[in-house]
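A.B. asks: With the hints in hand, could you dock these two chains into one complex?
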Amino acid sequence: MLEKGKISAFQMGVMMYPTIIATAILSLPATMATYAHNDLWLSPIWASFAGFLTVYVSHRLHQYYPQQTLIEYSCQIVGLIPGKLIGFLYCFLYLMWTGQIVRNYAEFVVGAFLFNTPIVVVIASMILVCVFAVRGGIEVIGRAALLFMPLFVLPLCLMVLLLLPDLDWQNFFPVLENGIVPSLKGAVVPHIWLGEFWLTAFLFPLLADSSKGRKWGMLSVLAVTITMIATNLFSLFLFGSDVSSMLYPLMIASRYVSIADFFENLESVVMAVWVLGAFVKISVFFYVIVLGSAQLMEVTDYRPLVWPIGFLIVLFSFWGIPNMIVFNYLDETSLPYYGFFMQILLPLLLLLIAKLRNKPQRMKSAA
Amino acid sequence: MNRNGRKWWRTNKHKLEPARQNSPSPYAHLTLSKETKENLQTLQDIYSKCSDVIFRPFYIGKTIKAHVVFISGLCTVQDVDQYVLTPLMQANENEFPDMEQMAEQVLAVSRIKNLATIADCIEEIGSGNPVLLWEGEERALSLGLAKWEKRNIEEPSAEVGIRGPREGFTETLDVNTSQIRRRIKDPALKMERMKIGGYTQTEVIVAYMEGIVDQTLVEEAKARLNRIQIDGILESGYIEEMIEDNPASPFPQLKDTERPDTACSALLEGRVVILVDGTPFALIAPVTFFALFQAAEDYYQRYIISTAIRWLRYLFLGISLLLPSLYVAIITFHQEMVPTSLLISMAASREAVPFPGLVEALLMEITFEALREAGVRLPKQIGAAVSIVGALVIGQAAVDAGLVSAPMVIVVAITGIANFMVPRYSVGTAVRLLRFPIMFLAGTLGLLGVMLGLIAIVVHLCTLRSFGVPYLSGISPLKPKEWKDILYRSPWWAMKTRPHFTGEFNQYRQAPDQKPGPERSEDP
Chain A
1 MLEKGKISAF
11 QMGVMMYPTI
21 IATAILSLPA
31 TMATYAHNDL
41 WLSPIWASFA
51 GFLTVYVSHR
61 LHQYYPQQTL
71 IEYSCQIVGL
81 IPGKLIGFLY
91 CFLYLMWTGQ
101 IVRNYAEFVV
111 GAFLFNTPIV
121 VVIASMILVC
131 VFAVRGGIEV
141 IGRAALLFMP
151 LFVLPLCLMV
161 LLLLPDLDWQ
171 NFFPVLENGI
181 VPSLKGAVVP
191 HIWLGEFWLT
201 AFLFPLLADS
211 SKGRKWGMLS
221 VLAVTITMIA
231 TNLFSLFLFG
241 SDVSSMLYPL
251 MIASRYVSIA
261 DFFENLESVV
271 MAVWVLGAFV
281 KISVFFYVIV
291 LGSAQLMEVT
301 DYRPLVWPIG
311 FLIVLFSFWG
321 IPNMIVFNYL
331 DETSLPYYGF
341 FMQILLPLLL
351 LLIAKLRNKP
361 QRMKSAA
Chain B
1 MNRNGRKWWR
11 TNKHKLEPAR
21 QNSPSPYAHL
31 TLSKETKENL
41 QTLQDIYSKC
51 SDVIFRPFYI
61 GKTIKAHVVF
71 ISGLCTVQDV
81 DQYVLTPLMQ
91 ANENEFPDME
101 QMAEQVLAVS
111 RIKNLATIAD
121 CIEEIGSGNP
131 VLLWEGEERA
141 LSLGLAKWEK
151 RNIEEPSAEV
161 GIRGPREGFT
171 ETLDVNTSQI
181 RRRIKDPALK
191 MERMKIGGYT
201 QTEVIVAYME
211 GIVDQTLVEE
221 AKARLNRIQI
231 DGILESGYIE
241 EMIEDNPASP
251 FPQLKDTERP
261 DTACSALLEG
271 RVVILVDGTP
281 FALIAPVTFF
291 ALFQAAEDYY
301 QRYIISTAIR
311 WLRYLFLGIS
321 LLLPSLYVAI
331 ITFHQEMVPT
341 SLLISMAASR
351 EAVPFPGLVE
361 ALLMEITFEA
371 LREAGVRLPK
381 QIGAAVSIVG
391 ALVIGQAAVD
401 AGLVSAPMVI
411 VVAITGIANF
421 MVPRYSVGTA
431 VRLLRFPIMF
441 LAGTLGLLGV
451 MLGLIAIVVH
461 LCTLRSFGVP
471 YLSGISPLKP
481 KEWKDILYRS
491 PWWAMKTRPH
501 FTGEFNQYRQ
511 APDQKPGPER
521 SEDP
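Chains as they are written, first to last, in full-length UniProt numbering: chain A, 1 to 367; chain B, 1 to 524.
Incorrect hints may appear among the rest.
To be verified - Computed Cβ-Cβ distance ranges for the label pairs, DEER-style:
| hint | chain 1 | residue 1 | chain 2 | residue 2 | range |
| --- | --- | --- | --- | --- | --- |
| 1 | A | THR300 | B | ALA413 | 46 to 56 Å |
| 2 | A | PRO150 | B | VAL160 | 51 to 61 Å |
| 3 | A | PHE88 | B | PRO354 | 51 to 61 Å |
| 4 | B | ILE304 | A | ILE180 | 30 to 40 Å |
| 5 | B | ILE304 | A | PHE263 | 26 to 36 Å |
| 6 | B | PHE440 | A | TYR256 | 27 to 37 Å |
| 7 | B | VAL160 | A | PHE311 | 46 to 56 Å |
| 8 | B | ASN152 | A | PRO304 | 54 to 64 Å |
Said to hold, decoys possible - To spell it out: a stretch of chain A is covered by chain B in this simulated footprint if at least three of its residues, at any positions, have a beta carbon under 8 Å from a beta carbon of chain B; those stretches are:
| hint | region |
| --- | --- |
| 9 | 110-120 |
| 10 | 144-156 |
| 11 | 260-270 |
I should point out that these hints are in silico values taken from the structure, not numbers from a laboratory. Each residue gets a CB set at the ideal place from its N, CA and C atoms; glycine is no exception.
If we strip away everything but chain B, and leave its shape as in the complex, we get (with noise of 0.2 Å):
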């Protein structure tokens, strides 16, 4: 990629110096000179035919020729005229002797920044910013004024819940940094800042708590991000398919979240959260396999009914993974474990049906994932003659026709709620996919090949590892401290260690004997 000195994505393109991000910009060497004229020229033929970008002449007092270059929608035209154009048109330039002081005492934006090369002014530009330019000035000054349309904070669609705050992250990093700043307010929460995508320059976070994190972790997860060289990132999949541990893994090795409260909750345990702009989606890592079957209700109800669910949520984890190839083991290779009268009438069911146990299923199973990718993939108008043409074709017609078994039918609905049971949409998928393969095994080797798929199942999930940290960690290798967050939920006064990843931690969240009790508390 990099042999010629030159990166892909520019060989056959523009002729500049290769490299924008994490190396000098192209237009690094250009400087500004003290002509307008020179400077706009240069800015001009960088952005000819654009025709999104504005430059507007005008004058500073009577005498001083000044441009200002902006993008029309990244930044509202209003505060251009309300708090540059103004002030300075009416402002007597002979009070003010350099460019500093009249920013200073005329200008009423609060983010100004100087801009000494060519390379900072298009970066400014294109994030938003007004760039001044100034007759007789060797810099220009970028105007902290960028405003474009987004998308307010609303609940997040992927991870609901009943109780706990509803706002989700939206598209705007800002205001997703804001989500969590406003959460925690100790400046011990570090946002680093990297540029990453060589043409969308897209701006990715890494947020952590310093003191809590372990240092390792971070300088593991920005040297990953900094490897990364990829023309655009549009979403933080494209990260974290660039920085996992396993490429050739159906599971996630980082947990997305859209939640500003679990991704918090991530920060105080020591974990680093990678936003990036663009997409509503933080990245959490590192993760274990039984963080993703935490959801953030789980600690905010009471916790004897969060043990119960998670449980649960286990127990459906088997079942959507394993009923149908067991349904299809038991049918096929061992009648004699179903008691007779239940046999008696899958039997009389089964009847009917052309085909063998395994056809049925698979027939049934790839028929429902299509109508469930067909549903998200739809116009919203459409999705409830899908649910119709589902519920009648696959349900009642389909046993009806003869085509397959009542039981089937029933197994495969089971198996979908159970999938939805997972709280991380990419584990229940990873669990979607690798339902298929063992059920082939249980049509050709029965139980024994359901349990041989499982057995690989465990063993490609124990060599997994997430930034290092074993991916069944608290089970394999056994922890037994961290089963207050796996096994069960502890109440938080109980909840006193962080979870345990690598390295150096701060081991302690709260103070000792915290239980509480109807004993009230001493006066002082």
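Next up, chain A with everything else stripped away, as it sits in the complex (with noise of 0.2 Å):
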């Protein structure tokens, strides 16, 4: 193995937890609501199945390869080479999410606050942080994840607490009020998201209580798909039919605090506070690629690789990234079809193939 350190089931539940939600309550709401209205609150339920479908599928496979990650036992189920190319197509798609991801973070941070601020500063400045994490390996970021993890769910409620007064439940109403079809379509984008738990395919050899592994996992869906629910819920109750139109729902929302003429204009704490879950979301993307390339290339230590995979995040966050109006076209158009083949169908086809491998040597051994 090349990770020595173990992390539990439920550091890896609370790890995935802000690694799906960082940027999903950045811009998503306005995503679904462009195409679910004020059903909006449902999407997230549907997108909810990809998650489950994941964590199900990834534990799967992690019982028939119990010691091996996605990229070792890609290999034993399709063949060396083609192993390795799926191997290589994972490696590279996170590497590429991950300079998106980046990309995104950096924009909303220049976009809402350090306006003067050259982007590649921003970018390079917390990819030089998370190297510190991902050098330190998968026990690091654990245990960094459960410590920021309430400091990032904390204000976050509270900030909807202060809010309360301010939401209007008759935005409610009506519900399905063109069938079930829109609230589909809004969960065709976050379906990407939830999906993103195919990332546990990597995590579950890292566990020292790998029996409890599905478990936390699914819980930590719920959690994600219960948090979705609740800020597309907050979103449609505050803004109402607008919500469609803002970029970043949520930090609008954090303007409307005003307490006592003191607690005002609060984004700046919202921000602050959701760098930790960006950190974390990064850390553990930026991680997988570490440990997917150290095993695709059969090296004995990961740790040379941080630096130069870094790097590279760099160039992939501008890279064939012109600007946010190209990239959110992207995440509607293109990022479903080839997420959905890479987190849904890939994965169901991998284990169909080592269910029909797998089966007569069971047979055999019953015998």
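C.D. replies: Following this line, the structure appears as structure tokens:
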């Protein structure tokens, strides 16, 4: 094993939560609202099936190949060359996505707060901190995620609490005005986010108590789904039908907070807190790329790869993304298709082949 | 270091065999001979030009020539005269066939040891015990009369408290061990002695409670201590740096304490205590980040108050780390966060200041640190002058001159006070240092920079271990059982289990159901 550290299943669950939620609460409510209108709270429920499915598939594959990650067992399932190809595809996919996540993070920070700061500084500083964490290994990321979890969630809950008087429950109605289809359409983009639970295929072998892995993975999906429903409802109640026209609804919501003329304009605080989530998200993706590519190239230590891959992530955050409009356009047009293929179809295919391959062996051992 | 089979501190000095400690002494091959003259000559050669070593020849009874060798100042001359010389000189040498019987019957000294080699003699003389050499004997006798000037037991100056024992460790190892032994009388308290330091031969004691401590931890501690090859140990800080897990960290990975009660509570929790001769600071291992925020007094006063104070400490830890950076970030990048009325008064006071926020903060913080350091290092008589200069120059004059703004002075002052809230000086200094990089980040990237700095620190804390125990153990990795001493100080009747570090350990520290109540206990 390349990674000597172990995390608990609970830590993995906690780690995955900000990994999904950090960017999901940023622009997704608006995306969902574009398609689902005031049924946007239903979309995460449909999307959650993708999450449950990927955790199930990755856990089943983990049961077939307990000590191996996706990169290693894909070679065993479909043979060396196609397996390596699949491994490369995933490493490349995550590299590209991490670049996009970092860009998304940086655009958000520069667009809303640090107007005059060059975007590359914002990106590089975050990558620098993540390099620090990734070099520490999975244990460090797991522990840091555990520490940041309450710091990430509680202030957001507090913000919702402070805005309770401003919420208009009537925006909830009418429910399912145009049937179920708009909410299903709204689920197309967020299903990619929940599908990111496919990262567990890299994390399951690192669990000290892998028997609890599925339980905590599923609970994490549940928590993510509930959070997404809650943020969607919250945005809906606060803004009504305007949600779809906002880039970052939650950020705008934080501007509404005004208590005793003292707690005002808290968007900087929300940003600061959100950075914690973004850090966990980027670190987990970053770590998975590093571990995956180390296993792909079959090197003995993944640490020498951390700096080069960090540099690549910075590059990927610029390549192919001229601006955020193109970015959002790609998110809604191409992402759902290749994301669906990589996170749902390909894993299912792998599981199917693994099942067929392992069946005769089992019968042999039974006999 | 050991390339030529010779220790570095010996290479160009004496051509004697290397490595005094943890391996045979350079004089090990020298045995005592029957001829006192030879023995004496060897010792005199070894102790040549040592004016403080005294060789006193005398006769036992009338015929047997003997010598007593000791270092003046390490034992009292009166004791030697009264308990050694007088009875021996007056004894009738013919009554006793050998040295042992003589020692048993004549010498009024309780600690007596037979020595077979010159090396043993040197060791005993060095530690202050007079050594008796005897005509016609291949042995020498060490007389346990070592006694030197030592500081009295005083109140520990670095860890003061209102309630709780007032005595602290001193520079003398025996006094320190006695203070621990007086508190823990059970023979399960083990104290293993070893000597570290090629020249200083400093005595180091590894103390632990057998049956409570995880034995692998003791082995690890001893192994790490045995690894030390150094010419001298003058303070436990030497040892701390040689045995910690991560040398490249500003955070202490061992807890140092001056208080015997703190050391004893650590022993009862299953930790290892390392006592070093010549310093009042004992080391405790392993330690977690949160254990460094526990003061001895927390456990002596009411738990509700202790809990509140503990939270106050966490809060002020945050303040001492972040307040100047948050201030810089807000006045440079996020002015909109400040309520309007406050913003106006802040802007008014900053109007005359020529520096940007970051420079102003650095100026003040560095001056404050300098004052503080000067205050520690200065002779006591001048200390008052420094505080006056500090208060006047930094406080009033700097604001009047328009060099810094009044809010900045307040921020610096609060930060300074906050830093003293941390009960361990060593953690306080780490936070003091880390404040500066975060200030730079705040001045360049605003709140984002502060967060990134904070993340980097937390990630670093997550990588730290103290003797294999994760530094943030309790919170991350999550152990809800440990919260009784982290998030709150649970009352003693509820503190049922010991903290868990690694491996096997004795879990329960008390019987269950001891919560007191108004019911009278029934008479049997």
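A.B. asks: None of the hints should be skipped; say for each whether it holds.
C.D. replies: These are the hints, each one checked on the structure:
1. A:THR300 with B:ALA413: 46 to 56 Å: For THR300 of chain A and ALA413 of chain B the Cβ distance comes to about 54 Å; the hint holds.
2. A:PRO150 with B:VAL160: 51 to 61 Å: violated (34 Å)
3. A:PHE88 with B:PRO354: 51 to 61 Å: Given a distance of about 58 Å, which is inside 51 to 61 Å, the answer is holds.
4. B:ILE304 with A:ILE180: 30 to 40 Å: violated (55 Å)
5. B:ILE304 with A:PHE263: 26 to 36 Å: holds (29 Å)
6. B:PHE440 with A:TYR256: 27 to 37 Å: holds (33 Å)
7. B:VAL160 with A:PHE311: 46 to 56 Å: About 52 Å separates the Cβ atoms of VAL160 of chain B and PHE311 of chain A, which means 46 to 56 Å holds.
8. B:ASN152 with A:PRO304: 54 to 64 Å: holds (58 Å)
9. 110-120: holds (count 3)
10. 144-156: holds (count 4)
11. 260-270: This one holds; 7 residues, not fewer than the three required, reach chain B with a Cβ under 8 Å.
The structure shown violates the earlier hints numbered 2 and 4.
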